[in-house]
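Asks: Now for the letters of each chain:
There are 2 protein chains.
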Amino acid sequence: MPASEISSFAASGPADTSVRFLTRVQQIVLEHAEQAERRDSKVSRWVDPERLQKILDLQFNDQPASMEQLMDCISDTLRYSVNIAHPYFLNQLYSTVDRVGLAGQWVTDTLNASVYTYEVAPVFTLMEEMVLAKMRQIVGWSSGDGIFSPGGSIANGYAINLARFHKFPQVKSKGLYGLPRLVMFTSEEAHYSIVKMAGLEGIGIDNVYQVRTDSTGRMDVGHLKQEIQRAKSEGGVPFMVSATAGTTVLGAFDPLEDIADICNEEKLWFHVDAAWGGGALMSTRRRHLLSGIDRADSVTWNPHKMLAAPQQCSTFLTKHPKILQECHSASASYLFQKDKFYDTSYDIGDKHLQCGRRVDVFKFWLMWKSKGTAGLEEHVDRLFDMAEYFTDKIRQRPGFRLVIEKPQCTNISFWYVPPSLRDLEGQPDFKEKLNKVAPLMKERMMREGTMMITYQPLKDHPNFFRLVLQNSSLTREDMDHIVQEIERLGRGL
Amino acid sequence: MPASEISSFAASGPADTSVRFLTRVQQIVLEHAEQAERRDSKVSRWVDPERLQKILDLQFNDQPASMEQLMDCISDTLRYSVNIAHPYFLNQLYSTVDRVGLAGQWVTDTLNASVYTYEVAPVFTLMEEMVLAKMRQIVGWSSGDGIFSPGGSIANGYAINLARFHKFPQVKSKGLYGLPRLVMFTSEEAHYSIVKMAGLEGIGIDNVYQVRTDSTGRMDVGHLKQEIQRAKSEGGVPFMVSATAGTTVLGAFDPLEDIADICNEEKLWFHVDAAWGGGALMSTRRRHLLSGIDRADSVTWNPHKMLAAPQQCSTFLTKHPKILQECHSASASYLFQKDKFYDTSYDIGDKHLQCGRRVDVFKFWLMWKSKGTAGLEEHVDRLFDMAEYFTDKIRQRPGFRLVIEKPQCTNISFWYVPPSLRDLEGQPDFKEKLNKVAPLMKERMMREGTMMITYQPLKDHPNFFRLVLQNSSLTREDMDHIVQEIERLGRGL
Chain B
1 MPASEISSFA ASGPADTSVR FLTRVQQIVL EHAEQAERRD SKVSRWVDPE RLQKILDLQF
61 NDQPASMEQL MDCISDTLRY SVNIAHPYFL NQLYSTVDRV GLAGQWVTDT LNASVYTYEV
121 APVFTLMEEM VLAKMRQIVG WSSGDGIFSP GGSIANGYAI NLARFHKFPQ VKSKGLYGLP
181 RLVMFTSEEA HYSIVKMAGL EGIGIDNVYQ VRTDSTGRMD VGHLKQEIQR AKSEGGVPFM
241 VSATAGTTVL GAFDPLEDIA DICNEEKLWF HVDAAWGGGA LMSTRRRHLL SGIDRADSVT
301 WNPHKMLAAP QQCSTFLTKH PKILQECHSA SASYLFQKDK FYDTSYDIGD KHLQCGRRVD
361 VFKFWLMWKS KGTAGLEEHV DRLFDMAEYF TDKIRQRPGF RLVIEKPQCT NISFWYVPPS
421 LRDLEGQPDF KEKLNKVAPL MKERMMREGT MMITYQPLKD HPNFFRLVLQ NSSLTREDMD
481 HIVQEIERLG RGL
Chain A
1 MPASEISSFA ASGPADTSVR FLTRVQQIVL EHAEQAERRD SKVSRWVDPE RLQKILDLQF
61 NDQPASMEQL MDCISDTLRY SVNIAHPYFL NQLYSTVDRV GLAGQWVTDT LNASVYTYEV
121 APVFTLMEEM VLAKMRQIVG WSSGDGIFSP GGSIANGYAI NLARFHKFPQ VKSKGLYGLP
181 RLVMFTSEEA HYSIVKMAGL EGIGIDNVYQ VRTDSTGRMD VGHLKQEIQR AKSEGGVPFM
241 VSATAGTTVL GAFDPLEDIA DICNEEKLWF HVDAAWGGGA LMSTRRRHLL SGIDRADSVT
301 WNPHKMLAAP QQCSTFLTKH PKILQECHSA SASYLFQKDK FYDTSYDIGD KHLQCGRRVD
361 VFKFWLMWKS KGTAGLEEHV DRLFDMAEYF TDKIRQRPGF RLVIEKPQCT NISFWYVPPS
421 LRDLEGQPDF KEKLNKVAPL MKERMMREGT MMITYQPLKD HPNFFRLVLQ NSSLTREDMD
481 HIVQEIERLG RGL
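Those protein sequences? They're chains B and A, same order as listed.
Each residue of the first sequence is one higher than the last, beginning at 1 in UniProt numbering.
Each residue of the second sequence is one higher than the last, beginning at 1 in UniProt numbering.
With the rest of the complex left out, here is chain B (with noise of 0.2 Å):
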């Protein structure tokens, strides 16, 4: 039976094929969820790509695929990706995958909406607002508005452009033609995507001026002040300030209160990149790492990251009540129709710079309402709570190494210095040996499917681990175990 059939484009094709062919997938894909989360599966089966290329039958033909083939095609992408659910997937800002989340996407795919007009999106358009608002009284602001965003570059590129149109609302529509040159601040540390999206606008990577972080990883305020007056003396104009709270690598809170005074004397737009930290805020052990929030202009927060929800769910949230609507309204007259029959202030797409978008709010809000606000804290809780033990256990034992003493997040960097190398420290080539040692150790991990822990160097470290912690089905037992392997990844190096 050719594939063709299962189609609802093919009008011939009988519905039952649909269904057997939908149902098959729906059994495979649960026993996939199943399987993925178990500590004795794989995490991933590591294959060249050269040689995975191969084993795939990636290329079309011409004519239809059996249901058969469509299965075994099914299969091998499941066999070959990597289980992001497995509790010993630690390498990046997302890991799980949460049950409710993952109900709420089929529910969603099978849906197949875009969320710009009421008209066709009625439940998932008064959803958003409802999160947004919820998010932003979270924050701490009492009026505001709100996007979810196709990821946290994207929102880190809203702030810019917003705070751009606060300070000259005719770029919109002259550009910046006959403008000074603005200059916007950001840590070193900061996401990558804040000098990606200033080269996209215009600002160029160049005049955005990296602030230095201290030893934690927090942004150095006295340096931020000097670098504000190096911009005006170079006859600059400052703009912006973008902090960061929880950094990629270190996950560092930089010192939101003190930031926002400066901001507040210099007139600048403060936004604070919450992209990772932002779950922090759920947690009243642990929401003052972000003190001084409130005070932002606006808030880049993903769900996706330390709450864990499914990719992709990102919000960009502002104080400012207008400004979205303002900055990104182009009025279509095709799509934001203003003589329909109903209140066209719920046709909320023109605040976006997307036009067709997908429903990312549902999963998110389906997995709130499952465990309600108390369990979301619960998670964060945890989530703290064990990695604070997996740092003290790191801490005394032979041949681990922190690279900050007391991680402010999830994320716990840290070097394993194999027994070979532990009587070289201070040697002039020990940090380039030591470098070596966490690609190689990644390696047999990627090739065993055991665990995936990222590596990296920052300024002058050599290359180190860096665990980050999503998933509060871990438990002390996991930690031990993963203290465990890496000494056993590391032996004989």
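If you are wondering where the hints come from, they were derived from the structure by calculation, not from laboratory data.
You can trust all of the hints, since none of them are fake.
Identical chains share a label here; the pair holds if one copy fits it or two copies do between them.
In silico DSS-like cross-links for lysine-lysine, where the CA-CA straight-line distance does not exceed 30 Å:
id, residue 1, residue 2
1, K351, K174
2, K54, K134
3, K174, K232
4, K174, K267
5, K322, K267
6, K232, K267
Since we're looking at a predicted model, the values are computed, not measured.
Given the coordinates of chain B, work out where chain A should sit on it, guided by the hints.
Replies: Relative to chain B, chain A alone:
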């Protein structure tokens, strides 16, 4: 039983709870998918925003919802959302829920991958590169590069950024300061994202010169030449033309060969926004509409539009092999480490502006596999044939007036003149009266839930309907039904 036990991160929750929940959700979405396509089901179930807000239990509680409450949330969401899958949802440039595509989304959701490095997304990295290469080949290029984009608007933004970088590579680092005023050109019927993105990128909306269109919606090439000269005489520096292949409202194809000639002569970047019309490239009979697209520097092409892949599946293609990397790269050392054990040219994330990025390729790849290339062609051919059938049918029908006599794409724009107005044509207030007809009929169709077709004004045309086809399961009987339904909805006006 509290729903928190369902979640993977409620470590104490019994696994079978999760499985039972996921199984129930699978059942309900499968039933919904079956129902939604039935012609005797409702397209939508209209509820005013204020009332819907009361019906839906949107607010969060502190404590977890029960599994039954979650199931109710899901049922309500399905119930009050619009049935995009319904054959009579003809409102936008997307429609239908392709079942293979849907299955593909269920698979990628279950994997929850982010596509930026080979190590975390091996299958999807290879798949993206293969699909994009295939699409470039269909455009007519032997080399180049491409990326999946979160929608056509952002893809058009990529084009502007690359065009500018191509002419002035220093913009990436230095920004627009010190550069002359850059000017770009697009038609007055181009998608609004062109001006939105020009605003974002510091070009300014006023520096997008809007070229006149002819009565069929195609760019007036004579006027383009004049506008280029005008820009130069005003001290502006032209750098790109964004042509449209399939405009949003009328479905017009700009004369790409002529525009290519001008771009060649004037050394301008030639972009084609084929987000909508790109699908016609799959058809031997229809690809002539895009004749000259192989001479473009870049193309936006959204498979989620004419090819009916699920939302969201947008691509940006360029014939320049290295420019995406050169223009966008930030070389973040925490993610794109160069000392990895595999060939890091497979880490494709740095050529994107997004960092974390959902998998949009798989659903489309699986659909293409399932239909075969010939099946995609057949799909496109059916859409055009059905559009011609509908156009022919209403051409002679009392009360129907075509906005353009021979629509180029599967958009059919028409007025419905109710019997009471038919004798008034030519009178001074006829247009004003006609302008009110479509909104009233739209309200009726929404309240009854029998169909969804959008309407809009355009230039000096009063409101007219635009029916648009991407659903190749529609039959001639459906077309006949739609005509009768329009007549029924217009009764008594």
